[in-house]
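Undergrad: One letter stands for each residue in the lines below.
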Amino acid sequence: MSALPRLALASAWNRRLSLGLTLLAVMLAATLLLSVERIREAARDSFAQSVSGSDLIVGARTSPVQLVLYSVFRLGEPTNNLDWASYQKIAADPAIAWSVPLSLGDSHRGYPVLGTTADYFTHFRYGDRQPLRLADGVVFAGIFDAVLGAEVAQRLGYRVGDQITLSHGDGGLPGMAHDDKPFTVVGILAPTGTPVDRTVHVGLAAIEAIHLDWIGGAPVPGFNIGAEVVQKFDLTPKSITAFLVGLHQRAEVFRIQRRINQFADEPLLAVMPGVALDQLWQTVGVVERALQAVSWLVLAVGLAGLMATMLAGLDQRRREMAILRAIGAGRRHILGLLLLESGLVSLLGCLLGLAAVSLFAAVGGDLLAAFGLAALPLAVSVGEMKLLGAVLVCGLAVGVLPAWRAYRLSLADGLIPRS
Amino acid sequence: MTPAAIRIDDLLFRWRPDAAPAVCLRGLQVDAGKSLFLHGPSGAGKSTLLNLLGGVLLPERGRIEVLGQVLGDLPAARRDAFRADHLGFIFQQFNLLPWLSALENVLLPCRFSRRRAQRAGDPVAEARRLLAALDLAAPVQGAPAAELSVGQQQRVAAARALIGRPEIVIADEPTSALDAARQDAFIDLLLAEAKAAASTVVFVSHDQRLAAHFDASFALTGELPA
Amino acid sequence: MLKRCLLLFALLVPMLAPASDYRVGDRLPAAKGSAKGFKEIMWDDLMPKGWDPMAAFKGIDLNKLQDNDPKAIDLLASVRKEWDKAPVEPALNGQRIRIPGFVVPLERKGDDVIEFLLVPYFGACVHVPPPPSNQVIHVVPAKPVKGMRTMETFWVSGTLSLQGGDSGMGVYAYRIAAERVEPYQVNQGKKR
Numbered sequence: 001m002s003a004l005p006r007l008a009l010a011s012a013w014n015r016r017l018s019l020g021l022t023l024l025a026v027m028l029a030a031t032l033l034l035s036v037e038r039i040r041e042a043a044r045d046s047f048a049q050s051v052s053g054s055d056l057i058v059g060a061r062t063s064p065v066q067l068v069l070y071s072v073f074r075l076g077e078p079t080n081n082l083d084w085a086s087y088q089k090i091a092a093d094p095a096i097a098w099s100v101p102l103s104l105g106d107s108h109r110g111y112p113v114l115g116t117t118a119d120y121f122t123h124f125r126y127g128d129r130q131p132l133r134l135a136d137g138v139v140f141a142g143i144f145d146a147v148l149g150a151e152v153a154q155r156l157g158y159r160v161g162d163q164i165t166l167s168h169g170d171g172g173l174p175g176m177a178h179d180d181k182p183f184t185v186v187g188i189l190a191p192t193g194t195p196v197d198r199t200v201h202v203g204l205a206a207i208e209a210i211h212l213d214w215i216g217g218a219p220v221p222g223f224n225i226g227a228e229v230v231q232k233f234d235l236t237p238k239s240i241t242a243f244l245v246g247l248h249q250r251a252e253v254f255r256i257q258r259r260i261n262q263f264a265d266e267p268l269l270a271v272m273p274g275v276a277l278d279q280l281w282q283t284v285g286v287v288e289r290a291l292q293a294v295s296w297l298v299l300a301v302g303l304a305g306l307m308a309t310m311l312a313g314l315d316q317r318r319r320e321m322a323i324l325r326a327i328g329a330g331r332r333h334i335l336g337l338l339l340l341e342s343g344l345v346s347l348l349g350c351l352l353g354l355a356a357v358s359l360f361a362a363v364g365g366d367l368l369a370a371f372g373l374a375a376l377p378l379a380v381s382v383g384e385m386k387l388l389g390a391v392l393v394c395g396l397a398v399g400v401l402p403a404w405r406a407y408r409l410s411l412a413d414g415l416i417p418r419s
Numbered sequence: 001m002t003p004a005a006i007r008i009d010d011l012l013f014r015w016r017p018d019a020a021p022a023v024c025l026r027g028l029q030v031d032a033g034k035s036l037f038l039h040g041p042s043g044a045g046k047s048t049l050l051n052l053l054g055g056v057l058l059p060e061r062g063r064i065e066v067l068g069q070v071l072g073d074l075p076a077a078r079r080d081a082f083r084a085d086h087l088g089f090i091f092q093q094f095n096l097l098p099w100l101s102a103l104e105n106v107l108l109p110c111r112f113s114r115r116r117a118q119r120a121g122d123p124v125a126e127a128r129r130l131l132a133a134l135d136l137a138a139p140v141q142g143a144p145a146a147e148l149s150v151g152q153q154q155r156v157a158a159a160r161a162l163i164g165r166p167e168i169v170i171a172d173e174p175t176s177a178l179d180a181a182r183q184d185a186f187i188d189l190l191l192a193e194a195k196a197a198a199s200t201v202v203f204v205s206h207d208q209r210l211a212a213h214f215d216a217s218f219a220l221t222g223e224l225p226a
Numbered sequence: 001m002l003k004r005c006l007l008l009f010a011l012l013v014p015m016l017a018p019a020s021d022y023r024v025g026d027r028l029p030a031a032k033g034s035a036k037g038f039k040e041i042m043w044d045d046l047m048p049k050g051w052d053p054m055a056a057f058k059g060i061d062l063n064k065l066q067d068n069d070p071k072a073i074d075l076l077a078s079v080r081k082e083w084d085k086a087p088v089e090p091a092l093n094g095q096r097i098r099i100p101g102f103v104v105p106l107e108r109k110g111d112d113v114i115e116f117l118l119v120p121y122f123g124a125c126v127h128v129p130p131p132p133s134n135q136v137i138h139v140v141p142a143k144p145v146k147g148m149r150t151m152e153t154f155w156v157s158g159t160l161s162l163q164g165g166d167s168g169m170g171v172y173a174y175r176i177a178a179e180r181v182e183p184y185q186v187n188q189g190k191k192r
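Protein chains in written order, with my numbering: chain G, 1 to 419; chain H, 1 to 226; chain R, 1 to 192.
With beta-carbon atoms standing in for the labels, derived distance ranges:
1. G:Val284 <-> R:Pro53: 35 to 43 Å
2. G:Ala264 <-> R:Lys146: 40 to 48 Å
3. R:Ala77 <-> G:Leu378: 51 to 59 Å
4. R:Lys143 <-> G:Trp13: 47 to 55 Å
Straight line, CA to CA, 25 Å or less: simulated DSS-like cross-link-like pairs of lysine-lysine:
5. R:Lys85 <-> R:Lys49
6. R:Lys109 <-> G:Lys386
7. R:Lys85 <-> R:Lys71
8. G:Lys89 <-> R:Lys81
9. R:Lys85 <-> G:Lys89
10. R:Lys143 <-> R:Lys109
11. R:Lys81 <-> R:Lys58
12. R:Lys81 <-> R:Lys71
13. R:Lys58 <-> R:Lys71
14. G:Lys386 <-> R:Lys146
15. H:Lys46 <-> H:Lys195
16. H:Lys34 <-> H:Lys46
Hints listed in this document are in silico derivations from the structure and should not be mistaken for laboratory results.
The beta-carbon is built from N, C-alpha and C at its ideal position, and this holds for glycine as well.
Build the full structure now, drawing on both the sequences and the hints.
TA: Encoded structure:
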């Protein structure tokens, strides 16, 4: 039987043009299937580990998913801010152990700027309750100090001591830079694999300071307050975007959440990060399943093409089959030959698809980072192996009809085909 | 007395139960090591008889015994194996897989039958020897079969039928596509190699002039026996 | 080809079906699993005898109240105040118990849950008043739990303890160090 693989290969190579096209179709389908699976898994992992240890995230009333998206993942724009006074009132609740205010809205060369307090670096956790660590330098102390995430420092080549300027909004519009008030990098964080790496951290007072001479979101011409002078002003923030909450008793979370949601002074929303993420996955899950369904349909199309190609080629191969039968090939040889062919095309399609996905994972890092995803893993996961196995089985199944038909034809033709 | 290599008794075969008989034969016997010239008009059922001898088809009535084995007693897979082990075939045309080289074509039976591979000793060396004996030089042996002339292809087919010294070689009008001069040369080469291997040869043709080469002759008529 | 399309479609349908068939406020029926060394308790056991969560509703006909009626709002506020300082049952401290409930994942490691809350009824965090604090259990499983989503049902088996109060209020909360966390299956079919 070892003759068969060699024969199958030689025969397939002889028909490499038509088989090659179906191979391309199968490969594309496999690439699509694997990509969807890999991105899905990476997104889930990376989102799930972005925040840990916080019981609640509180912001101006909006949808829970949107709140988590902009406060934790820096995706999307915050719709509204909440008053500093409201924050103070709520944070005074004895059930709350700690709270960390967050202020978003500025950026530095495309990277979001987060205004917060030094408590952020002690209370914020990610992954499996990992704290933030400084790779270099210290946490900010002065007004114009900044702590950079690992990716910001690495991509833009900053070191402790460098000067940077921030821009208002996403920095796209000209004239929105706060270049009269430069910041000094005093610390760089160790990589976390979360959106923290892409963030520039400054103090809350600094956010107030750079907007002192701005009114309504734009600088006022002729009205300028210099950096040296800002200290004289009251730099308590008027509003913040959101704040994180940690409780003494985690079981109290429902009660505190309800209290915040019914806060009389202003409409607020408190979400439990885990629950909001689950909600996000439910929504995304529908899209995921749709994408998976489309991928499987593409595979079905590719495999149908393979079956059609094999069936169409059978007429030409009747002589080939007759010769083989004369030499002593039996039913299992004929069937085996065709099943090997469909199996080989599927296997090759799977391997090439895997190679394509790995290539994309290796070089597509920038594209993914724009969506808040850490790099895609290069290795194959168990789920992906199962998918490939399923593709292979389908590919083999596709060969059954042509194989059976070839055998029937060879029976009818005998040793001397009439053609 | 040399045992019969092939023995056919009271054979009847029809393609469909309601059709006319395709092959009808009272009796035929071929002794081991001999060569038989089988002739008859078109439509007499020569090709069908070869399929029956090869075990690809089973008769409606009668018995076909090859090398002492009644083919009807074997299941299909065993018949295929029997054919691989003991029979070599040469057809009128298109004998070879065009995308393999001449040498690889000759080696095919050894890949399907361990017995023939063993009897060939070193299959590659034996293949080359056979091809050389059939007047095919070394450079030709490695060429893809599609590039060979008809005469060359027929000789490669003969080598393939002979490798591993199968007991029976069946040739179905192998010389029809050759010109007269080549025909005799081909038959002489074939019979010489077959004799050296002690194989029985069944040669089918409609050309009576070739009968002289062979030990015995049999006429296959299209008529029903009495 | 048609057969393959139908097969694909048949495979897709279960994927599109909703994950859970519970409605807000549903409680788990009293299906019993095997105990294996754990004492099986009901959610009512977590409330000390003599404390009635519905005490504030006594004597009030809820049907006569509109949603926006200030009396209703006050009533809810006072109920909530009571529930906020719901007492715990000290006799259960240190017991190895087994209890089913709906889960609210708190912390994840990858896709596995390493900390979660267990509540007695469906939709506890969203649409209905939050449960009294003696009806919420903070669970820390020994091993990360796979395939757990918000508001799914699980059996939790472990040692119950009382966590010390937050500053000044003296409120205690239940906590379980779970040895086993298993999905909850209703043998007699789901309520609709």
